[in-house]
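Visitor: Protein sequence lines correspond, in order, to chains A and B.
So the first sequence is numbered by the working numbering: it starts at -6 and just counts up by one.
So the second sequence is numbered by the working numbering: it starts at 310 and just counts up by one.
I should point out that these hints are in silico values taken from the structure, not numbers from a laboratory.
Only a predicted model underlies this, so the values are computations on that prediction, with no experimental measurement involved.
Glycine is no exception: its CB is placed at the ideal position from the N, C-alpha and C atoms.
Any given hint could turn out to be false.
To be verified - Here are the in silico distance ranges between beta carbons for each label pair:
| no. | chain 1 | residue 1 | chain 2 | residue 2 | range |
| --- | --- | --- | --- | --- | --- |
| 1 | B | D416 | A | L161 | 39 to 47 Å |
| 2 | B | Q463 | A | F71 | 44 to 52 Å |
| 3 | A | L80 | B | E369 | 45 to 53 Å |
| 4 | A | F73 | B | D595 | 41 to 49 Å |
| 5 | A | Y38 | B | A601 | 45 to 53 Å |
| 6 | B | L391 | A | T106 | 22 to 30 Å |
| 7 | A | V77 | B | D612 | 33 to 41 Å |
| 8 | A | V110 | B | C328 | 55 to 63 Å |
| 9 | A | G253 | B | A601 | 51 to 59 Å |
| 10 | B | G677 | A | P230 | 53 to 61 Å |
| 11 | B | G561 | A | V146 | 54 to 62 Å |
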Amino acid sequence: MTTLATHPFAAAAAAAEVTTADVVLWVVLPYLFLTVFVLGHVWRYRYDKFGWTTRSSQLYERRLLRWASPLFHFGILFVFLGHVLGLGIPKSWTRALGVSDGLYHLMAITIGTVAGVSTVVGLALLIYRRRTVGPVFRATTRMDKLMYLVLAVVIALGMWNTIAGSILNLGGHYDYREGVSVWFRGIFRFDLHPELMADAPLGFQLHGMAAMFLFALWPFTRLVHVFSVPLGYLWRPYVVYRAKARTTPGTRPPRRGWEGVQRPKEHVGPF
Amino acid sequence: MRVMAQMAMVMNLDKCIGCHTCSVTCKQAWTNRTGTEYVWFNNVETRPGQGYPRTYEDQERWEGGWTLNRRGRLQLKAGGRLKNLLTIFASPKQPSIDEYYEPWTYDYERLTSAPLQEHTPVARPKSLLSGQDMAVRWSANWDDDLGGAPALTQADPVLQKVSDKVKLEFEQTFMFYLPRICEHCLNPSCAASCPSGAIYKRSEDGIVLVDQDRCRGWRKCVTGCPYKKVYFNHRTGKAEKCTFCFPRIEVGLPTVCSETCVGRLRYIGLVLYDADRVLAAASEPDETKLLAAQRSVFLDPDDPEVQRAAEASGIPRDWVDAARRSPVWALIHRYEVALPLHPEYRTLPMVWYIPPLSPVVDVVRETGEDAEDRGNLFAAIEALRIPVEYLAELFTAGDVAPVTAVLRRLAAMRSYMRDISMGRDGDPSIPAAVGMSAAEMEGMYRLLALAKYDERYVIPTAHAEQAHSLEELATECALDYEGGPGMGGSGPFGEGSGRGFHNDPIAVENFHMLAQRQTTDTVADPATRKARVNLLNWDGKGVPPGLFPPRADEPGEGPGLREPDDAAAPAVVQPRPVGGAEAGPAGAGTEPRRDGGTP
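Same shape as in the complex, but just chain A (with noise of 0.2 Å):
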């Protein structure tokens, strides 16, 4: 019975205000989402290598996207770390390097709000870009539609939370640091405070869900390209060669079910 009590589901469901929906929002669903995302992507790279790329569209037109998408790009970038630093680290942690609250918070909505409208001015800008210039929309797939409508909430909602909430504070002062970032990294400790994202605030929810949401279409959409990050090429040799599968005759293993006939190994010994 004591090992039932720490059971981290058992001591989820002892906090008295956790209902099942709770339980099934923010315990279950992501646990679902990250599986699809994991599994997801295993089975696109295995199935489907070929179709694993960034798909541009620079070909088609150049004068808009030669802004809208560094403009994007490096916004959701920026919004990536800050994403590492807030949900990733705890307070804990910056407190002990003498980073005061007030300091980090200072960081987090200036950074955060620049990196933010980049974002969403260049993610508008790709938007426009892809419906209104006909070849780009002609090369427009229905995942993709779907990708960035998703993508467009999260990325809205998100932020929605950095200026109505953290910004101008309405609805009170909320600390995602104490809240939302705890449940997160919980998920990946196995140490599960549904409760905590029970308590956020509507916004913080909804960009939760959208997001993980997002996480379980992504192993769909071309967003697969960001996995594919060529940060090697800063260290590789800049001319690659490769071989033919060079190997000396009879020495290649044949494939599983087409060996040629084997006499089996002669028996020796008592054993």
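Guided by the hints, dock chain B onto chain A, whose structure is given.
Guide: Frame of chain A, contents of chain B only:
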């Protein structure tokens, strides 16, 4: 010394008549797909001209190839690795579709489906990118045969480099054709630009290929290649380039462009080179010495030491023998008449050219002088700075001496062989004047004028011990294969996604495509629009089913005929009169066809 073998090509520009057969056959073999409409692995440019894509040779604008940085080290012209990565979201120097051309088709169906009307129906050009009507303003060969000159030729980046006098006189004096494929460089800047490492140089034969499964569509290779011979497939989002027809080369066949060249101006063979010397050669500070630097990288396959080193490097004996018989090596090294295209890009290109003498000959002939006379020709080469300067900008980074030397050799061969074909003794002073022996000159003549198929193409086959990875047997691919590439339309992730696509082995694909094309044919004057006998697929043997309409006493179609799936689309093979005259039966001459419900 690290010996490597390189499959290389030489083109004799004197023989090119600009017929574009190489381009067309290459396109039919490799790029007749959606997404590659504008892609020409092989194209033929008229010089002077802007080339394809427009002004691609202007590297100040397009930043292709290599350059030396301030410390004298070799660096991509478009910038270092970090800059390359930081500009990944919008490649700043990539030609847009306008620099190529917007591909289009014509609304041919309109010609047959338009109702009877006073005016002849028109097949409008429709863009293959947007599907809309478009005004055709440019294409791959818009300035063919100096069309649009002098207005268009002024934009030729090579012409802009030569002196003003040359520029003014150029169009009046000559033009020539420049067929181009991928150069399969020893120091490929496309591969160096690829962030994913998807472009690689095959270590066996030096062919530069794009791994379609590893390409992520960063499109940096398009910028990196100074020859603009890597293209972006806008449907699959992957880079594609000339493959040197590697499936043919591996079994000893020449490339499609060479095989079908009417002028027989292409030569294919091996060249051995020292991979350890490539970087030093490409880093040569003086651009005009790059030709000599590249030559110094090559290894003489007749040298026993090279042969031993080649063996140590794992090059099979028969490949070394093929390198000794290589016509490419003979033209580059023994006769020294072949020159690389734009050595100043520092990629050490491996498709070389014999510059054309014919413009000089034409000029001499027009003056009424003897155009076969050595003295006249030599004098003309010296006097006519026009072609020589221009050719030097193409082949030797502006140094006229090597071009002059080649043209003198070609001129000498011309006058020397004239004596022989006139039944006179050859004058040994003529080859001596260009530093050759009479035997060498006759050998060169033989290679340039008479060489048969097996002398022009010396291609050692890939090796039996590697055969299994080359073959496309059922043990590897079984039948997990459906449709042909791009035939299934757009998948959920974009064009051509999924396993069914990327597993298509080349030969099986062709086999199935051929079978499909042959079996979708049906009787003449078919009932559906899609089903027509395609005589282009008929090999001339026998009578394929459906070639003739069925006889009255025969029951319908023969076996093996397949109606196309889209039976719902009715054929409209003849215009129907609006007034509703009684239509005749299908297939009965020129009468309107019988079509029940027409009012």
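Visitor: If a hint holds in the structure, say so; if it doesn't, say that too.
Guide: Evaluated hints:
no.: 1; hint: B/D416 x A/L161: 39 to 47 Å; result: violated, 57 Å
no.: 2; hint: B/Q463 x A/F71: 44 to 52 Å; result: holds, 47 Å
no.: 3; hint: A/L80 x B/E369: 45 to 53 Å; result: holds, 47 Å
no.: 4; hint: A/F73 x B/D595: 41 to 49 Å; result: holds, 48 Å
no.: 5; hint: A/Y38 x B/A601: 45 to 53 Å; result: holds, 48 Å
no.: 6; hint: B/L391 x A/T106: 22 to 30 Å; result: holds, 27 Å
no.: 7; hint: A/V77 x B/D612: 33 to 41 Å; result: violated, 59 Å
no.: 8; hint: A/V110 x B/C328: 55 to 63 Å; result: holds, 58 Å
no.: 9; hint: A/G253 x B/A601: 51 to 59 Å; result: holds, 54 Å
no.: 10; hint: B/G677 x A/P230: 53 to 61 Å; result: holds, 60 Å
no.: 11; hint: B/G561 x A/V146: 54 to 62 Å; result: holds, 59 Å
The structure fails hints 1, 7 (numbered hints given earlier, in ascending order).
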